[in-house]
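From first to last, the protein sequence lines stand for chains D and H. Using the numbering used here, the letters of the first sequence correspond one by one to residues 1 to 369. Using the numbering used here, the letters of the second sequence correspond one by one to residues 1 to 828.
Since the hints were derived computationally from the structure, they do not count as laboratory data. The model shown is predicted, which means the values in this text are computed figures rather than measured ones. Cβ atoms here follow ideal geometry from the backbone N, Cα and C, with glycine treated the same way. Incorrect hints may have been included.
[Unchecked claim] Residues of chain H clear of chain D, computed beta-carbon distances all greater than 12 angstroms:
no.	residue
1	F290
2	E429
3	G803
[Claimed, not checked] In the BS3-like style, the derived pairs of lysine-lysine whose C-alpha atoms are separated by at most 27 angstroms in a straight line are:
no.	chain 1	residue 1	chain 2	residue 2
4	H	K524	D	K267
5	D	K198	H	K409
6	D	K106	H	K560
7	D	K284	D	K198
8	H	K530	H	K587
Here is how the chains run, residue by residue.
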Amino acid sequence: MRASRRPRDVTRGARRPPGSRGDRRIIAAPLPPRRRSFIAGMALPPPDPQFVLRGTSAAIHTLHFSCGGQEPDLPVLFSGSENGLIHVWNLKTHRVDTALDGHGRKSVYCVETMGGKDRLLSQGRDQRICLWDLAEGRTSVTDSVCTEHVGFCRCSLVQLAQGRWLMATAAKGLQEVQVLELPSKTSVCTLKPEVGAKLGMPMCLKLWQLSCGSQPLLLAGYEDGSVILWNVTMGKALSQLICHQEPVMSLDFDSERTKGISGSSEKVLCIWSLNEQQNLQVYKTHELVNAGISDITIRPDKKILATAGWDHRIRIFGWKKLKPLAVLDYHTAAVHCVSFSEHRNPRERLLAAGSRDQRISLWSLYTQS
Amino acid sequence: MAAPAGPELERVLREAAAALGRAGAAEGTGQGPAAALGAVLSALSAAGGPAALGERERAQFGAFLRSLARAPGAARPDGEWQRCFLEGPPGLALCILLEALGSAGPGLAPREAAAMLERFLREGRLSALLWDGCQQQAHGGCPEQQDALLNRIVCLPEHVSNKLQGENPPVFFPQNYFPLLGAAVLQVLQMISDSLRGGLDCSISFVSHVLGKVCIHGRQKEILGVLVPRLTELTKSDCIWQRICWRLVECVPERWMEAVVLGFVQRAPGSDVLSRLLGNLVVKNKKAQFVVTQKVLLLQYGHTTAVLQNLLGYLSLDSLRRALLLRVLQELLETWGSSSAVKHSPPEQQLYISKAILICLSHLKEPEIESCRQELLTSMMEGVKCHLDSSLPQLRRLGMVVAESISSKINTEGPVLKFEYEEDDETRELRSLLVQTPPLCVVPSLPGDESEKAGAALPLVPESNKKSQTAAPVMPDKESDAELDSDDDLVPYDMSEDKELKIKAPVYIRDCIEVLTGSEDVDKWEATVKALESLIRRNPAATREVSVELAKILLHLEEKTCIEGFVELRQRAQVAVLTTDPIPVSKYLTSQFYSLNYSLRQRMDILDVLVLAAQELSCPKFHGKPKHSDAQKPRIQLLPGNDSSKDWRRIVDERIKSKTRRFATRQCHVEPASSPNQFSSVAGHFFFPLLQHFDRPLTTFDLLGEDHLVLGRLVHTLAVLMYLAVNAVAVTAMGKALLEFVWTLRFHTDSYVRQGLLSCISSLLLSVPAELLLADMTEELLETQSWLGAASFADMVEKDPDGDCRRLALQNLLLMENLKKKLEAVPS
Chain D
1 MRASRRPRDV
11 TRGARRPPGS
21 RGDRRIIAAP
31 LPPRRRSFIA
41 GMALPPPDPQ
51 FVLRGTSAAI
61 HTLHFSCGGQ
71 EPDLPVLFSG
81 SENGLIHVWN
91 LKTHRVDTAL
101 DGHGRKSVYC
111 VETMGGKDRL
121 LSQGRDQRIC
131 LWDLAEGRTS
141 VTDSVCTEHV
151 GFCRCSLVQL
161 AQGRWLMATA
171 AKGLQEVQVL
181 ELPSKTSVCT
191 LKPEVGAKLG
201 MPMCLKLWQL
211 SCGSQPLLLA
221 GYEDGSVILW
231 NVTMGKALSQ
241 LICHQEPVMS
251 LDFDSERTKG
261 ISGSSEKVLC
271 IWSLNEQQNL
281 QVYKTHELVN
291 AGISDITIRP
301 DKKILATAGW
311 DHRIRIFGWK
321 KLKPLAVLDY
331 HTAAVHCVSF
341 SEHRNPRERL
351 LAAGSRDQRI
361 SLWSLYTQS
Chain H
1 MAAPAGPELE
11 RVLREAAAAL
21 GRAGAAEGTG
31 QGPAAALGAV
41 LSALSAAGGP
51 AALGERERAQ
61 FGAFLRSLAR
71 APGAARPDGE
81 WQRCFLEGPP
91 GLALCILLEA
101 LGSAGPGLAP
111 REAAAMLERF
121 LREGRLSALL
131 WDGCQQQAHG
141 GCPEQQDALL
151 NRIVCLPEHV
161 SNKLQGENPP
171 VFFPQNYFPL
181 LGAAVLQVLQ
191 MISDSLRGGL
201 DCSISFVSHV
211 LGKVCIHGRQ
221 KEILGVLVPR
231 LTELTKSDCI
241 WQRICWRLVE
251 CVPERWMEAV
261 VLGFVQRAPG
271 SDVLSRLLGN
281 LVVKNKKAQF
291 VVTQKVLLLQ
301 YGHTTAVLQN
311 LLGYLSLDSL
321 RRALLLRVLQ
331 ELLETWGSSS
341 AVKHSPPEQQ
351 LYISKAILIC
361 LSHLKEPEIE
371 SCRQELLTSM
381 MEGVKCHLDS
391 SLPQLRRLGM
401 VVAESISSKI
411 NTEGPVLKFE
421 YEEDDETREL
431 RSLLVQTPPL
441 CVVPSLPGDE
451 SEKAGAALPL
461 VPESNKKSQT
471 AAPVMPDKES
481 DAELDSDDDL
491 VPYDMSEDKE
501 LKIKAPVYIR
511 DCIEVLTGSE
521 DVDKWEATVK
531 ALESLIRRNP
541 AATREVSVEL
551 AKILLHLEEK
561 TCIEGFVELR
571 QRAQVAVLTT
581 DPIPVSKYLT
591 SQFYSLNYSL
601 RQRMDILDVL
611 VLAAQELSCP
621 KFHGKPKHSD
631 AQKPRIQLLP
641 GNDSSKDWRR
651 IVDERIKSKT
661 RRFATRQCHV
671 EPASSPNQFS
681 SVAGHFFFPL
691 LQHFDRPLTT
701 FDLLGEDHLV
711 LGRLVHTLAV
721 LMYLAVNAVA
731 VTAMGKALLE
741 FVWTLRFHTD
751 SYVRQGLLSC
761 ISSLLLSVPA
771 ELLLADMTEE
781 LLETQSWLGA
791 ASFADMVEKD
801 PDGDCRRLAL
811 QNLLLMENLK
821 KKLEAVPS
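Starting from the given sequences, assemble the full structure and let the hints guide the process.
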């Protein structure tokens, strides 16, 4: 039994407010409905993207939502791409509001907001981290930090107090991680592995606190496949876990359950937990069909997580048991990043994925309960 | 001394001899002889034992014993006469007993004499004999007598077994006698040690002579098997024993020194023991020095690694000897680094020398290395160059290991040489030699080790953590209970589409060419490389249109990304192109083999492709069936008899072919589709161009010069092509050309090339029909045969330094022999 073409409500997303702004070349297009066959009684076919944002004309390397603001604030999505531009997408109109050029046309691979959508941090391959002031339509770089790091390791931010942030970034030294306080840019410490340890470069970082005001901790994934938990204030390694044979490409951590997940260039996802003695131990591993995970993000409500695969696919898992939920096969090149929005209304929450095929797909998944 | 007893003894002896003579003549049994013997024995003990006898008394005692031996059994009172032999001077007793063994007559029967001799040995008279010998030496005994005695002692087993033939008692077997002799030597040494302690001087040289002679007779194992363990024990803390031992070896005459030293070196349980046993022998004795520093190390190579370790360790244990160690190392390195030695000596010897070098290096100390760093560096550079030049992989690896070790020794701080080679037991053994005392546990590191190590690198990790740091899943703690089914409210979507990712490869050959030449898309390029072979095989017609262009692209194709098995994929595609369109492509490839600006690798690739394609073409295949990707692998040819009708057809064809003289040239001959061997029609295109330019060096490529590795490959390729061209029309012409080629290269220094030449001859003998061989190339064949081994000079079978070459040459001679037999059996 074949289902006929499914009616899809995509016009809503495509509706364009009269007189919309933005670069004409950059257009957002609704997705044409795709034919799918499924047999009644079996699982539903995976959904199509709710919307696709096109027009960056370069591979997308990083995405960041800012949707939690009050009513007059419009939800936006920041995207950093290979040509060095940061696009600010209006999620109501699906148009680019602004394109920020602050990294000398070198690829931007990390974008974060600091507080609201007006304060932005971006990291690029020009070895700089820029702090932006976007309030009232400004597009100026207020400050920048030179990391001298040549890798692709995204920096990580955590808010210590109102207006005080802690940022971890891979440093100039091959195996080192530097922790800075922002906006003062004072160095807190440099985390160096034991002499003789062959960890390789740090590949991914995650700063977190058990509760607000407690000591910040850093999880760092390294080139040799190990994850190390660092005490940032003391500058000491607390625990090391070798969970991959290949470089750890991405990790995310759930501080409520003290459990984290990491992906590498292999076919395996690894979930590990942190016990009361602050030791990391493997909790579970999950075998994938194709090798290579470039990004992992746990949804803020800790229900599901998404992975960005080199096999062009986005995979959704239940976070608690790592139950596979969906494989989203839309992109035609490796997916580089996945990001969840933090809309106040859970039903509006989105998943965005950016790929080398220069498209950003937006998905609405498991938003019911 | 016992001067008053002398005349008394003389008188008694004379009487006894007379009594025995009388008894023998009268053939009666009287009390005479018994009383006389008793008197002799008591006079002897009164005189102070045989050692106290003077020259005269000895002579008389000898006469007495001789007459005793000659006396008939009845005249010899039982018990008494044996005592005379046992208590008399042992040298005389042995001598007369041995004489009696051989003599026929009324006296002592050989069996009796043997029994007496056995008793003589069993009752420890050997040690008395040796002691006696030592005493006489000390008092300046006659050297001829000494020599005779020595001869008797050492050759006793041969002597006895000669006389007794099959009835030789086991005690005279060498394996029993020499341990006995060893024990006697030990007893004598004990006596010497006692007398030295008593303040008396002693000569040891007789014992040394015995030892030397036994060793030169090849009985080191038996005698040293007794001596070495005991001496090891005794010399442990006693300096007198050490001196005795040193003296024992030093006094060995030069002509026997080698056997003795070698025996000690082989049997000593360790270099420290060897050092105790031999002392500074190598410094004092020229011969021993030659044996230790030259003969064992540079001329022989059959000794075990333990022997080498013993020997070099011995050299390293004393400051006087360390100078020798350095000299030895220099000489070893000279040999190791000499290109002529690398080319002409067997690989086993080179392994041996490498081992010796590594052991030497392990003994060197920092200041010594400092003093000869420059020389080490120079010889290392030379050696590594000529080893890497070798076409035998084992030698190359040997060179790499030794060079790495030398460089790690001379550069303690700076960067060291590091080669890439595959580990095997040999390299591991070699490298373990560099460490003097092997570590207690040399366990290959387990995967768990690394995490353990990494954990250890972080000091703050608590102990309890270490166990959980392996990648094995740990059972979740109690918190997991709470979330047992918490994911269940999320309904999964259909995930059946989640398959392994495949990148679409081009479908047309021309697209492939485009992708391979111009595309920047790495994924597509990869997919193309992977798909190319099957594409070519599926579309032979389309391939023929662009075959040469495709061959060119493939020949120049470089590895853009890290694809698993890229080299093999490319090779398969090349083979597929060549088999699809053999003539133009082979023309192209063979012309490229001799053209400018190719790397050796590319040239060898060309040869490999030619061989694989020839193999594939010569395999039977059926039209209409698609070929699979593994088709070019050598397959087993169908055995005749599987299909009787085809077999029959083939035999007839072959017969026709062999009986028909064809006037057509080989190109225009196209075989019908059902032909089992597609190669035969194109064999010439593969073969002849490769022979054309081998002696014309290009600026970048000199086959007869330093590129002998490629020459070796070329020769092997020609051998395979020749073999596969069996039954081809061109086979005779090919054979002739090949024989010429082999003849010009037959004295090539590289054994790999020579092996190839020999396989060329084998395949020639197998491929060319026997009649044609004889008709067209008799003279060349005879020449070759004489080179191989029929003539007495320059024969491969015996004189080639390489074992494989010798084997191959022998095989060729056998093939020729078979050919001859076949021809004789079927008179034409």
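Verification of the hints:
Even its closest Cβ contact with chain D, about 49 angstroms, leaves H:F290 beyond 12 angstroms, as expected for a residue assigned away from the interface. Distance to chain D confirms H:E429 as a non-interface residue, since its nearest Cβ pair spans about 28 angstroms, more than 12 angstroms. Against chain D, the non-interface label of H:G803 holds: every CB pair exceeds 12 angstroms, the least being about 43 angstroms. Restraint check for H:K524 and D:K267: satisfied, since their Cα atoms lie roughly 22 angstroms apart, inside the 27 angstroms limit.
Restraint check for D:K198 and H:K409: satisfied, since their Cα atoms lie roughly 25 angstroms apart, inside the 27 angstroms limit. With a C-alpha separation of about 25 angstroms, the suggested pairing of D:K106 with H:K560 holds against the 27 angstroms cut-off. Among the hinted pairs, D:K284 with D:K198 is consistent with the structure: their alpha-carbon atoms are about 25 angstroms apart, no more than 27 angstroms. For a cut-off of 27 angstroms, the pair hint linking H:K530 to H:K587 stands: about 26 angstroms separates their Cα positions.
Violated hints are absent here; each numbered hint is respected by the structure.
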